[in-house]
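Asks: Add 51 to a position in the sequence shown, counting from 1, and you land on the number used in my numbering.
The set of hints was computed from the structure by calculation and includes no laboratory data. It cannot be assumed that every hint is accurate.
Below, simulated EDC-like cross-link-like pairs (lysine to aspartate or glutamate); rule was C-alpha separation at most 20 Å, straight line [as the list claims (entries may be wrong)]: (1) K62 - D202; (2) K327 - D311; (3) K373 - E340; (4) K62 - D162; (5) K229 - D211; (6) K327 - E308; (7) K331 - E360; (8) K331 - E320; (9) K344 - E320; (10) K159 - D287; (11) K335 - E306; (12) K229 - E205; (13) K62 - E80; (14) K159 - E205; (15) K159 - E170; (16) K373 - D268; (17) K335 - E360; (18) K229 - E144; (19) K62 - E166; (20) K62 - E205; (21) K62 - D195; (22) K327 - E340; (23) K331 - E308; (24) K331 - D311; (25) K327 - E306; (26) K327 - E298; (27) K335 - D311; (28) K159 - D282; (29) K331 - E298; (30) K373 - E306; (31) K229 - D208; (32) K373 - E360; (33) K229 - D202; (34) K229 - D152; (35) K62 - D73; (36) K159 - D195; (37) K62 - E74; (38) K335 - D136.
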Amino acid sequence: MTDTATRPRLKITYATLRNDNDELHAQFEQGLDRARGLLGAYHRNVVGGRERDGDGTFEKRTPIDGTVMGTFAKGTRQDVRDAIDAARRAFPEWARMPWQDRVALLRKVADLISERQMEFSALLSMEVGKNRLEALGDVEETADLIRWSCDMVERNDGFDHPMGNLGDPAVHTRSVLKPYGVWAVISPFNFPFALSGGPAGGALVAGNTVVYKPSSDAPLSGVCLAQVMHDAGLPDGVFNMVMGPGESVGAELQENEGVDGIIFTGSFEVGFGLYKEFAKAYPKPVIVEMGGKNPAIVSRKADLDEAAEGVMRAAFGFSGQKCSANSRVYV
Numbered sequence: 052m053t054d055t056a057t058r059p060r061l062k063i064t065y066a067t068l069r070n071d072n073d074e075l076h077a078q079f080e081q082g083l084d085r086a087r088g089l090l091g092a093y094h095r096n097v098v099g100g101r102e103r104d105g106d107g108t109f110e111k112r113t114p115i116d117g118t119v120m121g122t123f124a125k126g127t128r129q130d131v132r133d134a135i136d137a138a139r140r141a142f143p144e145w146a147r148m149p150w151q152d153r154v155a156l157l158r159k160v161a162d163l164i165s166e167r168q169m170e171f172s173a174l175l176s177m178e179v180g181k182n183r184l185e186a187l188g189d190v191e192e193t194a195d196l197i198r199w200s201c202d203m204v205e206r207n208d209g210f211d212h213p214m215g216n217l218g219d220p221a222v223h224t225r226s227v228l229k230p231y232g233v234w235a236v237i238s239p240f241n242f243p244f245a246l247s248g249g250p251a252g253g254a255l256v257a258g259n260t261v262v263y264k265p266s267s268d269a270p271l272s273g274v275c276l277a278q279v280m281h282d283a284g285l286p287d288g289v290f291n292m293v294m295g296p297g298e299s300v301g302a303e304l305q306e307n308e309g310v311d312g313i314i315f316t317g318s319f320e321v322g323f324g325l326y327k328e329f330a331k332a333y334p335k336p337v338i339v340e341m342g343g344k345n346p347a348i349v350s351r352k353a354d355l356d357e358a359a360e361g362v363m364r365a366a367f368g369f370s371g372q373k374c375s376a377n378s379r380v381y382v
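Throw the hints in and build the complete structure from the sequences for me.
Replies: Shown next as C-alpha cells:
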C-alpha cells in the first residue's frame, strides 16, 4: 500500500471543483479524522507572540449537527489596544527586513497551508457547512493568494525602481514601495481562510504588521491561520489575532488611531459605516468588500449544458452565501 506521505498532493481550486474522485475523498477522510481530534479545545487570542485569555469565552458549534467545535477567548477593547501596540512595536524591524526575507517567510506560510489542506478543509467544512470541494477550494485559494502577493513583489524587484530624471542628470528619482504601518484585517464567515490569509499575506509581504479579527462564526479557521503564521517563523507581534464580537473588537479596530489601514469583508451596513468613520480625521486606506450583483452572460454560441451548470454552480455554491454568487443571467 502506498504511503500517504508519498502521494502527490491533490490541488482543488474553484476552477477545478469537478475533480471529484475516490483518492480525494480518501485523503479528505484522513484529514477529517485528524480534525475531529482537535474538536472541543480551548483557544486563546494571540498578542505579541503570546497567547492570552479574554473576558470570558464563547462557543462555536458546527451547523451540521451541533457538535462543539471549540471554546474561544472573547477579546476585549483592551486586548485590541494591546495587539495594536504589539504590532506597532514589531513594525520597524519587520519593515526594515529585506523584502526577499519577508517573501521567504510568507512562502513558508503558504506551503504549510497546502501541506495541511485536508485537515484545515475538514475543520472549515464542519465550521461553516461548506461541502468538501468548496472547503478545499477555500483553503487552497488562501495559499494561492499569498503566493500571488509574493510573486508580485519578486517580479517587481520589491517595487523599487529608478525613474526618469526629467532631463536633468543631477536629478535621481526612484519609485519605492514603503511599508505603511499597522493594518487591521476583519474577515467574513463564508471564506474564513481565503479572505483572512489573502489580505493578511498581502499586507505582511509588503512590510506591514497585522491585527486580525476572525469571524465569530468561524474562529477555528482563524486559529489555524494564526498557527501557520507562528509555525512559519514570523516574528512576535507581526501577526496578532483577537477574537470576539464586532461591537467591541471590531469597533476598537475601526476607532483606534494606531491602526493605519483596514481591510473588511462583510455586510454593506457595517462596511459602509466603517468606510465613512475610519478615515474621518485624516485620509487613511480603507479596503471594503460588501458583496455585489454578478451577472452571467450567455451568448447564442454558448454550450447550453455547460452554461446551465456554470450558472447553477455560481448561483448556488455554498447555498448562495457569498459575494460572488451569480444573481442574474443575461441571455
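Asks: Run every hint past the structure and note whether it holds.
Replies: For each hint, the structure was consulted:
1. Between the alpha carbons of K62 and D202 the distance comes to roughly 19 Å, so the proposed pair stays at or under 20 Å and holds.
2. Restraint check for K327 and D311: the C-alpha separation of about 15 Å stays at or below 20 Å, so the hint holds.
3. Between K373 and E340 the alpha-carbon distance is near 11 Å, which keeps this suggested pair within the 20 Å criterion.
4. Our distance criterion of 20 Å between C-alpha atoms is met by K62 and D162, whose separation comes to about 12 Å.
5. Between K229 and D211 the alpha-carbon distance is near 9 Å, which keeps this suggested pair within the 20 Å criterion.
6. Straight-line distance between C-alpha atoms of K327 and E308 comes to about 15 Å, which keeps the hinted pair within the 20 Å bound.
7. Taking the CA atoms of K331 and E360, the gap is about 46 Å. The hint is violated against a cut of 20 Å.
8. Restraint check for K331 and E320: satisfied, since their Cα atoms lie roughly 17 Å apart, inside the 20 Å limit.
9. For a cut-off of 20 Å, the pair hint linking K344 to E320 stands: about 16 Å separates their Cα positions.
10. Annotation: proposed proximity of K159 to D287 holds, straight-line Cα distance about 16 Å (limit 20 Å).
11. Annotation: proposed proximity of K335 to E306 holds, straight-line Cα distance about 12 Å (limit 20 Å).
12. In summary, the hint linking K229 to E205 is supported, as the alpha carbons are separated by about 15 Å, within the 20 Å threshold.
13. Using a Cα cut-off of 20 Å, the hinted pair K62 and E80 holds, with the two alpha carbons roughly 16 Å apart.
14. Among the hinted pairs, K159 with E205 is consistent with the structure: their alpha-carbon atoms are about 15 Å apart, no more than 20 Å.
15. In summary, the hint linking K159 to E170 is supported, as the alpha carbons are separated by about 17 Å, within the 20 Å threshold.
16. Note on K373 and D268: the hinted pairing holds, with a Cα-Cα distance of about 14 Å set against a maximum of 20 Å.
17. Straight-line distance between C-alpha atoms of K335 and E360 comes to about 42 Å, which puts the hinted pair past the 20 Å bound.
18. Restraint check: the Cα-Cα separation between K229 and E144 comes to about 13 Å, which is no more than 20 Å; the hinted pair holds.
19. Of the pairs offered as hints, the one joining K62 and E166 holds, with about 11 Å between alpha carbons and a cut-off of 20 Å not exceeded.
20. Among the hinted pairs, K62 with E205 is inconsistent with the structure: their alpha-carbon atoms are about 24 Å apart, more than 20 Å.
21. For the hint pairing K62 with D195, the CA-to-CA distance comes to about 11 Å; that is within 20 Å, so the pair holds.
22. Annotation: proposed proximity of K327 to E340 holds, straight-line Cα distance about 14 Å (limit 20 Å).
23. At most 20 Å may separate the alpha-carbon atoms for a hinted pair to count; K331 and E308 meet this at roughly 11 Å.
24. Taken as a hint, the K331 and D311 pair is honoured in the structure, with Cα atoms around 12 Å apart against an allowance of 20 Å.
25. Taking the CA atoms of K327 and E306, the gap is about 11 Å. The hint holds against a cut of 20 Å.
26. Under the criterion of a C-alpha separation no larger than 20 Å, the hint pairing K327 with E298 is consistent with the structure, at around 17 Å.
27. Restraint check for K335 and D311: satisfied, since their Cα atoms lie roughly 6 Å apart, inside the 20 Å limit.
28. For the given pair, K159 sits about 9 Å from D282 by alpha-carbon distance, which is consistent with the 20 Å threshold.
29. Using a Cα cut-off of 20 Å, the hinted pair K331 and E298 holds, with the two alpha carbons roughly 19 Å apart.
30. Between the alpha carbons of K373 and E306 the distance comes to roughly 27 Å, so the proposed pair goes past 20 Å and is violated.
31. The suggested pairing of K229 with D208 holds, with an alpha-carbon distance near 13 Å, which does not exceed 20 Å.
32. About 18 Å separates the Cα atoms of K373 and E360, which keeps this hinted pair within 20 Å; it holds.
33. Distance hint between K229 and D202 is fulfilled; the C-alpha atoms sit about 17 Å from each other, no more than 20 Å.
34. Between K229 and D152 the alpha-carbon distance is near 16 Å, which keeps this suggested pair within the 20 Å criterion.
35. Taking the CA atoms of K62 and D73, the gap is near 14 Å; set against the 20 Å cutoff, the hint holds.
36. For a cut-off of 20 Å, the pair hint linking K159 to D195 stands: about 12 Å separates their Cα positions.
37. Our distance criterion of 20 Å between C-alpha atoms is met by K62 and E74, whose separation comes to about 12 Å.
38. For the given pair, K335 sits about 18 Å from D136 by alpha-carbon distance, which is consistent with the 20 Å threshold.
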